[in-house]
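Quick note, the sequences are listed as chains A and B, same order.
Numbered as in our numbering, the first sequence ends at 380 without a single skipped number.
Numbered as in our numbering, the second sequence ends at 380 without a single skipped number.
Simulated from the structure, these hints should not be mistaken for laboratory data.
Short derived list, chain B residues pointing at chain A, Cβ under 8 Å:
| # | residue |
| --- | --- |
| 1 | Leu211 |
| 2 | Ser241 |
| 3 | Ala257 |
All C-beta atoms, glycine included, are put in the ideal place defined by N, C-alpha and C.
If you want the building blocks of each chain, they are given just below.
There are 2 protein chains.
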Amino acid sequence: MKNFTSNNPTKLFFGKGVVSKLGSFSKKLGKKAIIMIGKGSVKHNGILDAVTKQLISVGTEYVLFEGIKSNPIFQDVDACVSIAREFQADQIIAIGGGSVIDSAKAVAVGFFHDGTVWDICSGGIKAKEALPILCVLTLAATGTEMNMFSVIQNDETGQKLGWGSDLVYPKVSFLDPEFTFSVPKTYTSYGVSDLIAHTFEQYFEPTSSPLSDHLATDIIKLAFEYGKQVIDNPNDYEARSNILWLATVALNGSLSAGKQGGDWGVHGFEHSLSVLYDIPHGAGLSIIYPAWMKNYFLEIESKLDFMAQRVLGEGKKAQDFIAAYESFSKSIDSPTRLAHVDIKADQVDKIVENLITNKVSGAFFEQNEETYHKMLGLMW
Amino acid sequence: MKNFTSNNPTKLFFGKGVVSKLGSFSKKLGKKAIIMIGKGSVKHNGILDAVTKQLISVGTEYVLFEGIKSNPIFQDVDACVSIAREFQADQIIAIGGGSVIDSAKAVAVGFFHDGTVWDICSGGIKAKEALPILCVLTLAATGTEMNMFSVIQNDETGQKLGWGSDLVYPKVSFLDPEFTFSVPKTYTSYGVSDLIAHTFEQYFEPTSSPLSDHLATDIIKLAFEYGKQVIDNPNDYEARSNILWLATVALNGSLSAGKQGGDWGVHGFEHSLSVLYDIPHGAGLSIIYPAWMKNYFLEIESKLDFMAQRVLGEGKKAQDFIAAYESFSKSIDSPTRLAHVDIKADQVDKIVENLITNKVSGAFFEQNEETYHKMLGLMW
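If we strip away everything but chain A, and leave its shape as in the complex, we get (with noise of 0.2 Å):
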């Protein structure tokens, strides 16, 4: 085992009806919130009267920013700044999946930065200070409301950029399954993929951890089977339960334990894919992910085969493992070629060339002109 750090200051309360306790903490933090929203489906659905109830019974002001965008640009960010700042904003509260959360972030250290927030999210600058966020999770997705990270992009430059900091764990997270009930099938479906490739991620480096390498194939066997159910039966309580907290763990920090901080090389790939067609992320995980198997198979044999014996049962190899996998993201809709989201062969040179401009980093299996050209190729 490698050496490492466990820590998470994020506290979460999980399950049904868990958003009563956010006025406590809404009160705490001080008098003044600012809301952060996406396309405002959390307006129609009960959830936003929930946290506004939450915050009149404990006398906290609130402004509401709406509009955060699936694939969250800086620009936002930076706007919502402007209102936070205005309104004398003390605290944030991210009510959506990842993309508010993560601009929740964003804006949580934009705050505090003169200049707009792209300069910390890019990595020019370090954030210093930050607002208090508490999370609203209405997506099984990204994990990233137990976590430091956060993604934004920035479509001048096209370029996606993950960021993170100690500053922006948040506070406390609010995870009621009931709330993602409504979440339509497609980003259910992209939500689990994202949530399977977080697990890959971490799970394929070089490194072996046997008890984090355990609870990765723990989680891909459970993603498999709840996944199927939370398509096939949206309203299901346990199904929804599974999921959420199969994503949060998944980036937690506990697959993370004894290893190097996983191969990150996918994501950066898939995040070329998204800005240059704004394909949701998870979509892009699920028709990368099989290619980079396919392509790194040698490296990652022997742990492709440990994952078919415990998620396949005894006696199952690599080769079943893949095709499981693909089957699978088949059986909940979630795309394994780029033709299913409609990227012809002749974008190649173009992907190619984003990927090369913004070179993926943090893979322990090196990408590079040649290895994009080979992966692009297994995706038709």
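Starting from the known structure of chain A, fit chain B onto it as the hints suggest.
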């Protein structure tokens, strides 16, 4: 899945040489540390020196409190509180295993309480404030290095009681697997038995929570594998690392997600044995658990089946698991019968009397005079 809260504020550094970070954390907490240790082995194996060197380097003054017993008593805690007050300590550094760290937690709250710390440990008074604690762990066993629990004994009343407070999560814990190389075989073995018991306690409660339950089977599988290795090769870094991390995860909240807090009946039962015969906690647990499983077999059969399947392989059943568990305990010389720790059959009434007086609490599967007798009958 049941509603639950996930929260663990302890920062944990794991791996070779991590104690080199202790100085900087001590400095943040103040200038005066009380160091608590057990019987003194850390004075001879270099661990105490490594810590004091850190303190000297940052100008932290310190005083040493020595002699915490394996089954720690409240009188030692009270004595340490007096010294800490006189010294005006602003932090506690616990170097040792569960008994030292549990005592440090009691000192932390006792420091701010007028009267004996037993008032707090026995649940009569709630802790309101606590000194911060840094832990240097030297024994893989109780998980206290990353939780809010502590167990303290009162020989006068014949009680050994668990208590907890979210004020006593260690601020930072340092886990260097090499610091456990010199632990004698007996205590290494009891530590493994203890971590296995913690896993059982959370696994066998009547609720199911898929990810927590899968993780529990991983911990048992790896404890069997690496538990044997640490006994056979005490200086094997990988084996010691694995056991050390398994013991932390077994009681840091990871196994309780979506569950109801565990069935602590066996733990309570063991406290009576420890208090009456001063046997190590882990030794008592590996005697009681097989009897408990046999006594509640019908209630837990499906969970035993699943454990058997995941730990021993497809097709294995509940009975196979109990047999494998007993055989594993024997292989590491952890006792499985009362006779192995020289408790004779004529002690039954005395044990039952203590169990009745201290009524085992926190058990989903009811324990009463009849079950005490039945279970004791299975321990010879």
